[in-house]
Amino acid sequence: MVNMSLKKNPMPSQEPQVRAHNFEEVALGYSEEQALDEAQRCLNCKNFPCVQGCPVNIRIPQFIAKAREGDFEGAYEIISADSALPAVCGRVCPQESQCEKYCVRGIKGEPVGIGRLERFVADYHNAHASGAAFTPEKNGHKVAVVGSGPAGLTCAGDLARKGYDVTVYEALHVAGGVLSYGIPEFRLPKAIVKREIEGLKAMGVQVITNMVIGRVLSIRELMEEEGFEAVFIGSGAGLPKFMNIPGESLKGVYSANEFLTRVNLMKAYEPDANTPIQHAKHVTVVGGGNVAMDAARCALRLGAESVTIVYRRSLEELPARKEEVEHAMEEGIVFKLLNNPVELIGDDNRNVVKMRCIRMELGEPDASGRRRPVEIPGSEFELDTDCVIMALGTSPNPLIKSTTDGLDTQRWGGIITDEDGLTTCEGVYAGGDAVTGAATVILAMGAGKKAAAAMDKYIRSKA
Amino acid sequence: MFRIITKEPLNPSVTRMSIEAPLVAKKVQPGQFIILRAEENGERIPLTVAGYDREAGTVDIIFQIVGATTEKLNHKQAGECIPDFVGPLGKPTETEGLKRVAVIGGGVGCAIAFPVAQKLHEQGCEVDAVAGFRSKDLVILEKEFRANSTNFIPVSDDGTWGEKGLVTDALKHLIDSGRAYDQVIAIGPLIMMKFVCKLTKAYGIKTVVSMNPIMIDGTGMCGCCRVTVGGKMKFACVDGPDFDGHEVDFDEAMARCAAYKPFELKAREAACNLFSMEVK
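Protein sequences, first through last, are from chains F and P.
Following this note's numbering, the numbering of the first sequence begins with 1 at its first residue and continues without gaps.
Following this note's numbering, the numbering of the second sequence begins with 1 at its first residue and continues without gaps.
Think of the hints as simulated: they come from the structure by calculation, not from any bench.
Beta carbons are placed, not taken as given, at the ideal position from N, Cα and C, and that holds for glycine.
Errors might be hidden in some of the hints.
Said to hold, decoys possible - Interface residues of chain P toward chain F, partial, derived using beta-carbon atoms under 8 Å: (1) R37; (2) G42; (3) I65; (4) V86; (5) I216; (6) D217; (7) T219; (8) G220; (9) A259; (10) L265; (11) A267.
As the list claims (entries may be wrong) - In silico DSS-like links for lysine-lysine, alpha-carbon gap of 27 Å or less: (12) F/K354 with P/K232; (13) F/K281 with P/K27; (14) F/K336 with F/K241; (15) F/K322 with F/K190; (16) P/K232 with F/K241; (17) P/K136 with P/K27; (18) P/K266 with F/K267; (19) P/K206 with F/K241; (20) P/K76 with F/K354; (21) F/K401 with P/K27; (22) F/K190 with F/K108; (23) F/K138 with F/K66; (24) P/K234 with F/K401; (25) F/K241 with F/K267; (26) F/K354 with P/K261; (27) F/K108 with F/K142; (28) P/K76 with F/K267.
Next up, chain F with everything else stripped away, as it sits in the complex (with noise of 0.2 Å):
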């Protein structure tokens, strides 16, 4: 029986006064109930239109009939037969723009709530496995990954469960890569980052972190010396942007990438914290994508009067999620849209105390389709702050370029790939941000699961 219901079973959730205060997760996940009710909101369409989608092309349809039988278990297994993280994706994926896009209840009501379901689905494995984990045959090759976020973790997964040996190299003490340093608690419990991680373990990857690759070991070394018959780099985007105005290094600036590291790889929020961390009372994130939400949220977490978002252009073109735009709002955060910071003034020990901001109006839609924000003259103002935090977006690292001869790169940073990952080196694959830029968790899966198949297909016509 088909659920004509209009609407999704809507999220359970932490009320909006209560979460501001703590990092525990804001969704709380479907009961079994709900997750029945929802699964048959799905019309098993013939074509599966939300299945093109998906990035990594999870049987959509398959799981969710699975799951309507009350066959959790068997929807896993239809998941985790594309897609390395099922308990990540249902979470942070922006499902909106992806497989519910395409849902055909959704031309006439909400879509069905896949992500929802993937989610609970992923958290029933979790809290039901037998633990026996399925250990793949060797086929005797190695293979090596350099990163370990979601490009990577997905590409050792396929490459582990064909039959290679795979170790994944991670410079940071923790691995996970953006999913441990970047998205918050609140989001993405570092607990399930974890299980995921270890999942890929017990399949036989070994992760060895501590290791920057391009500095203790080169691509090359790996390659010659360390036996690697090939290699995927999925080293992320790490490098900061900042707006090159003036005030930038006044104390109490910071990009998003330190506060979000201080607070979710170094848990400065913690009271017993080694690694310290502004408490600031009127904070500005500048930007507007989802790495601008985590901060301006992680910011009011921390115990911030004022948490104020200032972004250039309008609500409409804000590259945020919408949910977590309306999670941001509900827990009152300030939007000071149509608004750019042209400096930072700073007191005399050089602390941040004020922005002084010019507003913006939207004239002709520039390169990327949205309209081009340009300043209004005569219209600055200053906004009182003793926190500045610029999520203003990040590009490729520089390091394994540069410790790289022949690997050839945009001029903006990004790694230059054919269709399937490969790079202009031989037997070295890339994916993710440090091919694309800054983009999303499943993006950044859907490339390292490509390249897997080809490094896969170029092992065996060289055996």
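Dock chain P against chain F, hints included.
Coordinates of chain P only, in the frame set by chain F:
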């Protein structure tokens, strides 16, 4: 895990440790740094390497006890392990082609200046090493510096060791007495490097300084270590830690370094209290 092979106090607040880290030892060069955590859940701190033994697979660090992490690290004994030790990070000090260099070390900065002096000395460069300390009881690496320099000039603030005065006095004296340098390399407190640069700028001698700002990841990701050099924003972890001293904005760097001073003091106190409670 990374084992502490040897540990020795160099003065009451400075300790040398030799850490087993063969991969780091294989590649590291003078001027580069490592990041370590002294314990699980600890913070990441950068330390510029003070030496290495490629065959033994060990890397030497010399640290001053200033905050909670260095306090905890100092409580570790030879044979014990630390969870994380990553490197080599940053760019090595450029020494190629240098014929006559003045290496200036101030306080615990001498720990980093020494391997640079040693490398220069080994490649046949004439090295005038000026080492400055507040007082005789804080002196470190005297023997090592003497063995690796053409001229060794000790100075102290209170006159208890070598000439009474500052490293800038000694350097000025050397230059005025006719010593000509291709380059000056100054490593020490920011205030010392600032004044060395002020002096050498007047003489038009290229000067390289090693910056040691607050860092988290050390790979270019967080931007916390940004330094203004020649009006441009640079990241010490990937663009440095060595920079043209005449272009560095030292006043800004000093302010940024002090950003967490109150926290640092409190954290160290808490760590000390914890240890004294354990002792009881």
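Verification of the hints:
Taken as an interface hint, P/R37 checks out: its beta carbon lies about 6 Å from the nearest beta carbon of chain F, inside 8 Å. The restraint placing P/G42 at the interface with chain F holds, with a minimum CB-CB distance near 5 Å, inside the 8 Å limit. Because the smallest distance between the Cβ of P/I65 and any Cβ of chain F comes to about 15 Å, over 8 Å, the interface hint for this residue is violated. A cut of 8 Å between beta carbons decides the hint on P/V86: the least distance to chain F is about 4 Å, and the hint holds.
With 8 Å as the threshold, the beta carbon of P/I216 comes within range of chain F, its nearest partner Cβ sitting at about 5 Å, so the hint holds. Using the Cβ-Cβ criterion of 8 Å, the hint placing P/D217 at the interface with chain F is satisfied: the shortest such distance is roughly 6 Å. The beta carbon of P/T219 comes within 5 Å of a beta carbon in chain F, closer than 8 Å, and the hint placing it at the interface holds. At about 5 Å, the closest approach between the beta carbon of P/G220 and any beta carbon in chain F falls short of 8 Å, and the interface hint on this residue holds.
Checking P/A259 against chain F by beta carbon gives a least distance of about 5 Å; that is within 8 Å, so the hint holds. Interface restraint check for P/L265: the shortest CB-CB distance to chain F comes to about 11 Å, outside 8 Å, so the restraint is violated. Checking P/A267 against chain F: minimum C-beta separation of about 7 Å stays under 8 Å; hint holds. At most 27 Å may separate the alpha-carbon atoms for a hinted pair to count; F/K354 and P/K232 meet this at roughly 22 Å.
Our distance criterion of 27 Å between C-alpha atoms is broken by F/K281 and P/K27, whose separation comes to about 45 Å. Restraint check for F/K336 and F/K241: the C-alpha separation of about 21 Å stays at or below 27 Å, so the hint holds. Straight-line distance between C-alpha atoms of F/K322 and F/K190 comes to about 23 Å, which keeps the hinted pair within the 27 Å bound. Of the supplied pair hints, the one linking P/K232 and F/K241 holds, its CA atoms being roughly 13 Å apart against a limit of 27 Å.
With a C-alpha separation of about 35 Å, the suggested pair P/K136 and P/K27 falls outside the 27 Å cut-off, and the hint is violated. For the hint linking P/K266 to F/K267, the alpha-carbon distance of about 18 Å falls within 27 Å, and the restraint holds. Proposed proximity of P/K206 and F/K241 is contradicted: the alpha carbons are some 30 Å apart, above 27 Å. For the suggested pair P/K76 and F/K354, the alpha carbons sit about 44 Å apart, so the restraint of at most 27 Å is broken.
For a cut-off of 27 Å, the pair hint linking F/K401 to P/K27 stands: about 18 Å separates their Cα positions. For the proposed pair F/K190 and F/K108, the alpha carbon gap of about 37 Å is over 27 Å, so the pair is violated. Pair hint F/K138 plus F/K66 does not hold up; C-alpha atoms about 31 Å apart against a cutoff of 27 Å. Taking the CA atoms of P/K234 and F/K401, the gap is near 18 Å; set against the 27 Å cutoff, the hint holds.
A hinted pair counts as satisfied when its Cα atoms are at most 27 Å apart, and F/K241 with F/K267 qualifies at roughly 23 Å. With a CA separation close to 23 Å, the supplied pair F/K354 and P/K261 stays within the 27 Å bound. Among the hinted pairs, F/K108 with F/K142 is inconsistent with the structure: their alpha-carbon atoms are about 50 Å apart, more than 27 Å. Of the supplied pair hints, the one linking P/K76 and F/K267 holds, its CA atoms being roughly 24 Å apart against a limit of 27 Å.
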